[in-house]
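Participant: Next come the chains, spelled out residue by residue.
Number of protein chains: 2
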Amino acid sequence: MTPKTVTIIGLENFPLVKAGDDLAKMIVEAAVRNNVEIEDKDIIVVSQKIVSKAEGRVVKFEEINPSEKAKELAEKVQRDPKLVELVLKETDSIVKASPEILIVKDKRGLICINAGVDKSNVPRNAYSLLPENPDESARKIKKEIEKLTGKKVAVVIVDTFSRPFRRGQVEFAIGVAGIKPFKDYRGQRDLYGNLLKVKNVAIVDEIACAAELVMGQAKEAIPVAIIKNLDRAETSEEASIKELSISHQEDLFRETL
Amino acid sequence: MTPKTVTIIGLENFPLVKAGDDLAKMIVEAAVRNNVEIEDKDIIVVSQKIVSKAEGRVVKFEEINPSEKAKELAEKVQRDPKLVELVLKETDSIVKASPEILIVKDKRGLICINAGVDKSNVPRNAYSLLPENPDESARKIKKEIEKLTGKKVAVVIVDTFSRPFRRGQVEFAIGVAGIKPFKDYRGQRDLYGNLLKVKNVAIVDEIACAAELVMGQAKEAIPVAIIKNLDRAETSEEASIKELSISHQEDLFRETL
Chain A
10 MTPKTVTIIG LENFPLVKAG DDLAKMIVEA AVRNNVEIED KDIIVVSQKI
60 VSKAEGRVVK FEEINPSEKA KELAEKVQRD PKLVELVLKE TDSIVKASPE
110 ILIVKDKRGL ICINAGVDKS NVPRNAYSLL PENPDESARK IKKEIEKLTG
160 KKVAVVIVDT FSRPFRRGQV EFAIGVAGIK PFKDYRGQRD LYGNLLKVKN
210 VAIVDEIACA AELVMGQAKE AIPVAIIKNL DRAETSEEAS IKELSISHQE
260 DLFRETL
Chain B
10 MTPKTVTIIG LENFPLVKAG DDLAKMIVEA AVRNNVEIED KDIIVVSQKI
60 VSKAEGRVVK FEEINPSEKA KELAEKVQRD PKLVELVLKE TDSIVKASPE
110 ILIVKDKRGL ICINAGVDKS NVPRNAYSLL PENPDESARK IKKEIEKLTG
160 KKVAVVIVDT FSRPFRRGQV EFAIGVAGIK PFKDYRGQRD LYGNLLKVKN
210 VAIVDEIACA AELVMGQAKE AIPVAIIKNL DRAETSEEAS IKELSISHQE
260 DLFRETL
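Protein chains in written order, with this note's numbering: chain A, 10 to 266; chain B, 10 to 266.
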């Protein structure tokens with residue numbers, strides 16, 4: 010018997026990315042160097058950080074002039090006013106501002122600390138912002154990879170998130186192209202014929218987590234992973250990460266924290 | 010160049026599990042049937058449901074006599090009084106009880122809907138409860154597999170969770186043996202020499218998600234996955250899932266929902 014096997018391959022020795030770089034080309038070339046063949050139905054998982062860098066979404070400290078509003082909020086949350094200036098520009102609404110933490114709903118609909126602005130894995134004395142439109146970034150990378158390889162792939166852009174109730178961070182999808190965000194089991198039957206009423210798995214978040222197992226967070230320089238043989242994932246040309254967003258009213262966890 | 014590759018193997022055609030079954034033996038036999046060799050450092054991911062079944066943590070509807078308290082709460086949350094009776098027995102404190110949902114902190118410290126009591130993939134007219142002590146269950150399975158194979162493995166028991174802020178469910182670890190729950194990057198330096206101050210990845214939750222990619226939720230009958238070549242995971246004989254629990258006071262997301 011041949012078991013069901015999914016493979017997660019990290020592309021090693023990926024070059025440093027700078028503004029204007031052609032990520033799709035770099036991914037295809039890195040795959041060649043790693044002796045990895047890009048095939049139909051591969052899922053290419055890309056770290057947010059290199060997408061932001063390629064798109065020029067890195068801002069040097071010296072270019073940031075905090076507004077009065079940013080300075081006031083920075084005082085309240087005890088953070089660098091320049092960081093807060095960037096966060097405010099990326100923010101739709103502030104969810105929590107305390108001396109310990111600044112959590113916002115960003116303009117993409119993501120609930121995240123500092124609107125995803127941070128300075129890990131970017132040149133010193135600079136902050137990186139999330140891609141302006143991660144779905145669009147994913148679609149662009151997908152299209153270019155398909156042009157270069159002739160294969161149909163999916164692309165998932167991922168970033169690291171803290172979450173309520175559990176210690177530590179995990180990886181979430183923030184942009185998708187060519188893959189349905191969910192694997193929906195509702196209406197199917199289980200082993201004993203029971204109808205599944207609730208199960209709607211956020212498969213792109215699971216893909217993000219699986220990819221982090223090879224990517225890492227420090228100087229591994231593995232910002233891209235390729236997932237093979239994930240038959241369960243369903244293709245979709247219209248998919249958007251917005252399907253994962255849930256309004257406060259719909260969120261059954263409201264009032265639990 | 011040989012790239013960094015992690016493999017996730019689902020053991021297919023796993024037999025139905027019943028109370029008293031020797032799970033470790035069943036896993037080793039299923040691996041043989043699937044032509045999968047269990048090796049040192051393999052991570053064996055096991056669905057909560059088969060652990061609960063093997064441990065007799067399945068209760069038939071006819072055996073449940075709801076208390077007055079359970080009946081009252083059932084009215085409030087519009088759920089079956091028998092379900093609520095079981096939930097209350099598993100509960101440390103109620104986090105939210107509304108006509109839409111019952112969320113509790115269970116006696117293991119997990120924040121979850123219905124204390125993890127459900128009826129998917131158990132015989133009809135019965136509910137399953139989470140294992141009494143999932144760390145202990147994991148340790149027992151690990152020890153027995155090691156005895157049968159002579160190999161050093163880790164075991165992670167997983168279940169499906171809804172989470173705040175994002176639609177859909179993902180898999181979380183609820184019991185661990187032989188593996189550190191975290192991969193801690195704090196104090197390391199990134200690609201540009203920046204010190205990483207926050208990154209402490211909940212690697213066992215990422216492992217749970219990765220395993221779900223092969224396991225599924227319906228009648229796939231793949232309740233066990235084996236993860237190979239995950240060098241980044243660190244072994245620990247004292248590990249406990251309790252390290253993932255975070256108190257309300259420590260949880261920086263408090264007051265965000």
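In short, the hints are calculated from the structure, not lab data.
One should not assume that every hint holds.
Given that identical chains are not distinguished, each listed pair holds provided it fits within a single copy or across any two copies.
The calculated lysine to aspartate or glutamate pairs, modelled on EDC-like cross-linking and capped at a C-alpha distance of 20 Å, are [to be verified]: (1) LYS206 to GLU109; (2) LYS152 to GLU48; (3) LYS160 to ASP49; (4) LYS251 to GLU77; (5) LYS85 to ASP49; (6) LYS228 to ASP240; (7) LYS206 to ASP31; (8) LYS98 to ASP49; (9) LYS161 to GLU38; (10) LYS105 to GLU71; (11) LYS206 to ASP89; (12) LYS85 to GLU252; (13) LYS85 to GLU264; (14) LYS34 to GLU99; (15) LYS27 to GLU252; (16) LYS237 to GLU155; (17) LYS228 to ASP193; (18) LYS27 to ASP101; (19) LYS156 to ASP49; (20) LYS206 to GLU155; (21) LYS128 to ASP193; (22) LYS114 to ASP260; (23) LYS114 to GLU264.
Participant: List, from low to high, the hint numbers that the structure doesn't satisfy.
Facilitator: Violated hints: 4, 5, 7, 8, 10, 12, 14, 15, 18 and 20; rest satisfied.
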